[in-house]
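Given the structure of chain A, go ahead and fit chain B onto it with the hints provided.
Those protein sequences? They're chains A and B, same order as listed.
Residues 1 to 114 in my numbering are what the first sequence lists, from first letter to last.
Residues 1 to 114 in my numbering are what the second sequence lists, from first letter to last.
Facing chain B, from chain A, some residues (calculated, C-beta under 8 Å):
(1) Y33
(2) G42
(3) L43
(4) Y48
(5) F90
(6) A103
(7) F105
(8) G106
(9) G108
Because the hints were derived from the structure by calculation, they are not lab data.
Built from N, CA and C at the ideal position, the CB exists for glycine as well.
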Amino acid sequence: NAGVTQTPKFRVLKTGQSMTLLCAQDMNHEYMYWYRQDPGMGLRLIHYSVGEGTTAKGEVPDGYNVSRLKKQNFLLGLESAAPSQTSVYFCASSYPITGSNEAFFGQGTRLTVV
Amino acid sequence: DAKTTQPPSMDCAEGRAANLPCNHSTISGNEYVYWYRQIHSQGPQYIIHGLKNNETNEMASLIITEDRKSSTLILPHATLRDTAVYYCIVRVHEGGGSNYKLTFGKGTLLTVNP
Numbered sequence: 001n002a003g004v005t006q007t008p009k010f011r012v013l014k015t016g017q018s019m020t021l022l023c024a025q026d027m028n029h030e031y032m033y034w035y036r037q038d039p040g041m042g043l044r045l046i047h048y049s050v051g052e053g054t055t056a057k058g059e060v061p062d063g064y065n066v067s068r069l070k071k072q073n074f075l076l077g078l079e080s081a082a083p084s085q086t087s088v089y090f091c092a093s094s095y096p097i098t099g100s101n102e103a104f105f106g107q108g109t110r111l112t113v114v
Numbered sequence: 001d002a003k004t005t006q007p008p009s010m011d012c013a014e015g016r017a018a019n020l021p022c023n024h025s026t027i028s029g030n031e032y033v034y035w036y037r038q039i040h041s042q043g044p045q046y047i048i049h050g051l052k053n054n055e056t057n058e059m060a061s062l063i064i065t066e067d068r069k070s071s072t073l074i075l076p077h078a079t080l081r082d083t084a085v086y087y088c089i090v091r092v093h094e095g096g097g098s099n100y101k102l103t104f105g106k107g108t109l110l111t112v113n114p
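Pulled out of the complex, with its shape left as it was, chain A reads as follows:
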């Protein structure tokens, strides 16, 4: 069981470039999330999805788009990268069992925008 896998692990972008971060989970989880974490800060929710074909905005959605075309994948897109988007990005997934919402996290993608 691979759990939650994020691709790529590291990336350097120039301002204005675009890229897509891929999150894949093999646990048949309904919910998936994208967070960003800046140095010395907690995690902030960017977007999330409660099922295939559905997405919703989190705390800090501006500058990002997401898609959940397949249940196992959750893509995070940056259309025109800015230095303020330099961060570590974490993907997570969970299954909505009543009374429990344990989330499993990937190992992160370290993105630098220069």
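Relative to chain A, chain B alone:
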């Protein structure tokens, strides 16, 4: 959304119990308390969760006060590998249906000293 308050940092001697407090005075009756930790540079890891009763698993114990306005995570015999940021999270319920998401604060940096 119920918010949580945690001390920014704590120290603990190796082998001793680590008691991490969390205040969540605005918690609603059907909201759970979750604890996660994040070891440096890694994705967060689920530890434990509870609603009203005290809970214990192989990693930790969770003590929730009778009025549910605060809780304490207990690591019974802290080791150096328990040095991490610990997040206390109240699970929010947005909208109708099952839109669960986790909102992270800044957490408590626990440093276990030799």
